[in-house]
Amino acid sequence: MRSRSRIAASWSNGRTRLDCIRSCAPIHLRDTPDGVYLVGGAAGPLGGDDLLLEIEVESGATLVVRSAAASLALPGTGGASTVVINTRVAAGACLYWLPEPLIACLGCNHRILIRAVVEAGATVVWRDELILGRRGEMPGGVSNRIDVTLAGRPLIRNELRVGPGAPGWDGPAVAGKAAAIGSLIVISPELAHEPAPPVRLGPTAGILPLQGPAALATAAAADGRELRAVLETAQHLLAG
Amino acid sequence: MGSMNLLLLADGRFPAGGHAHSGGMETAVATGGVSDLASLHAFLIGRLATAGLAAAGLAAAACTTKHPWDALDAESDARIPSPALREVSRRQGRLLLRAARALWPGSVLDDLGAACGGTPAGARPSVHLVGPHHPVAMGAAAAAAGLEPLDAARAAVFNAVTGPASAAVRLLGLDPLAVHRLLAEMAPDMDDSAHCAAAGSGGPLDALPCPGSILLDLYAQRHALAEGRLFAS
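One line per chain: the protein sequences are A and B, in this order.
Read in order, the letters of the first sequence are residues 1 to 240 in this note's numbering.
Read in order, the letters of the second sequence are residues 1001 to 1233 in this note's numbering.
No lab work stands behind these hints: they were computed from the structure.
Small disclaimer: the values here were computed from a predicted structure and weren't measured.
A portion of the hints provided could be inaccurate.
Stated by the list, open to error - Within a straight-line C-alpha distance of at most 25 Å, the following computed SDA-like cross-link-like pairs (lysine to any residue) qualify:
no.	chain 1	residue 1	chain 2	residue 2
1	A	K177	B	L1037
2	B	K1066	A	A151
3	B	K1066	A	G202
4	B	K1066	B	G1012
5	A	K177	A	G202
6	A	K177	A	G107
7	A	K177	B	L1174
Claimed, not checked - Here are a few chain B residues that sit away from chain A, every Cβ distance over 12 Å (derived from the structure):
no.	residue
8	H1019
9	V1034
10	R1047
11	S1076
12	D1077
13	R1079
14	H1180
15	L1183
16	H1195
17	A1199
18	G1202
19	L1230
20	A1232
The beta carbon of each residue, even a glycine, is placed where N, CA and C say it ideally should be.
Sequences are here, hints too, so could you generate the full structure?
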């Protein structure tokens, strides 16, 4: 399945306006008072799927993106599945990306590429959660690459790979015995005035201040619930 | 002169202080993640595929001397989310640059030194001085020594794997022969990683590998605050 979806938000007449909300199956976008919800219209992502989501937030606007439920990366007949998210956040705009986790099911072969171009003075809160297989199941292959440039300079480039084909991913250098891994990136002008402190959030979780007004919370957790708790603590500490 | 200089550059006795770093091994041992040969092997495989590959990509790109130093510096920062590791990388880079300038003086290393506020060749760097990231210094040193980007990638990969391996021998009292046999078994994978890293060295910097490793980042943060450490990182 090939899909191209887009959300564009701007600020006009004292409030955030959605200039564009274009859904393309299997991604359905619903505007709600609580944010724009991604509603899975079909199973997947399945092998062979090629999904693109574009997000633009203009100056002054605040966009919150959530999802109704966890998504399942499943194997399919068409080879790898790919999700590309291209986002641009203007100065003075806020983007909160807070979807439910992705579950890497046995045999999946899934790639996620996130490219965020962020202007100086923008606020971004970006959460990624990956559950490593359903209960008692080994995960398939997932690679999750995030590239953020802030004010024209690379802020973070990080690709996490798990499953068969990712050497050593479940060893003591990468994710250990975790059943859920995730991260929360916070970019905020306030972190320029008061840089984020490096905080330990548990034996295998912590906040890593980045080179710039930003921080990465990273965690290898025993399950999805523990992961969410750690990332919510990090969000509270970094973004109030 | 090529291959002999590669041996000099990659040697653990190269006077750049590499032996003082365990590459996360000290914390991995302290937290029980590495306790024997099997867990050491798993650690080294993961480190090669993440920190090793990222360092090799940057070193190979630096060795081409086609990319601006400040762009390589920013790309290095973006690939090292742990502030403790960024500091370790700059500290090691500063020492490597200093040693390399003594061995292979010339414009490549002078340029890099000037770009990161370095001292004149041979002078003792101040502790507070900002240095180049270690892989960037490695690549520049390789170029100054007349080596190719693939050699720089090999040196970076070799460092990334053998450093923690010899630290494990000291920390756990493992049989050095058994540990070196592991390294010999990993040699083909190390070569593959170096080739993979060097393949993109002349292309755009954003396309260089950026594999992350959650635990190595967290080990480094923890180690920076630990007391009674044997290794600097």
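Quiz item: Is the nearest CB of chain A more than 12 Å from the CB of B/G1202?
Solution: holds, 18 Å
Quiz item: Taking the closest pair, is the beta carbon of B/R1047 still more than 12 Å from chain A?
Solution: Given a closest Cβ separation of 5 Å, the condition is violated.
Quiz item: Straight-line Cα separation of B/K1066 and A/G202 no greater than 25 Å?
Solution: Since the Cα atoms of B/K1066 and A/G202 sit roughly 43 Å apart, the hinted pair is violated (cutoff 25 Å).
Quiz prompt | Non-interface claim for B/A1199 versus chain A (Cβ beyond 12 Å) | solution = holds, 16 Å
Practice problem: May I ask you to check that B/S1076 keeps its beta-carbon over 12 Å from the closest beta-carbon of chain A? | Solution: It is violated; B/S1076 is separated from chain A by about 9 Å at its closest Cβ, not greater than 12 Å.
Exercise. Say whether it holds or is violated: B/A1232 keeps its Cβ farther than 12 Å from all Cβ of chain A.
Key: holds, 18 Å
Practice problem: Mind checking the alpha carbons of A/K177 and A/G107 for me, to see if they're no more than 25 Å apart? | Solution: Answer holds: A/K177 to A/G107 is near 19 Å, not above 25 Å.
Quiz prompt | B/L1183 remote from chain A - nearest C-beta pair above 12 Å | solution = The claim stands: B/L1183 keeps its Cβ more than 12 Å from every Cβ of chain A (closest is about 15 Å).
Quiz prompt | B/L1230 and chain A, when compared Cβ to Cβ, separated by more than 12 Å | solution = holds, 18 Å
Quiz item: Any Cβ of chain A at or closer than 12 Å to B/D1077, or is the non-interface label fine?
Solution: About 4 Å separates B/D1077 from the closest Cβ of chain A, which leaves it inside 12 Å; violated.
Quiz item: Was B/H1195 rightly flagged as not at the interface, with every chain A Cβ beyond 12 Å?
Solution: About 15 Å separates B/H1195 from the closest Cβ of chain A, which puts it past 12 Å; holds.
Quiz item: A/K177 and A/G202: Cα distance at most 25 Å?
Solution: Holds, because 15 Å separates the two Cα atoms, which is no more than 25 Å.
The earlier numbered hints that this structure contradicts are 3, 4, 9, 10, 11, 12, 13.
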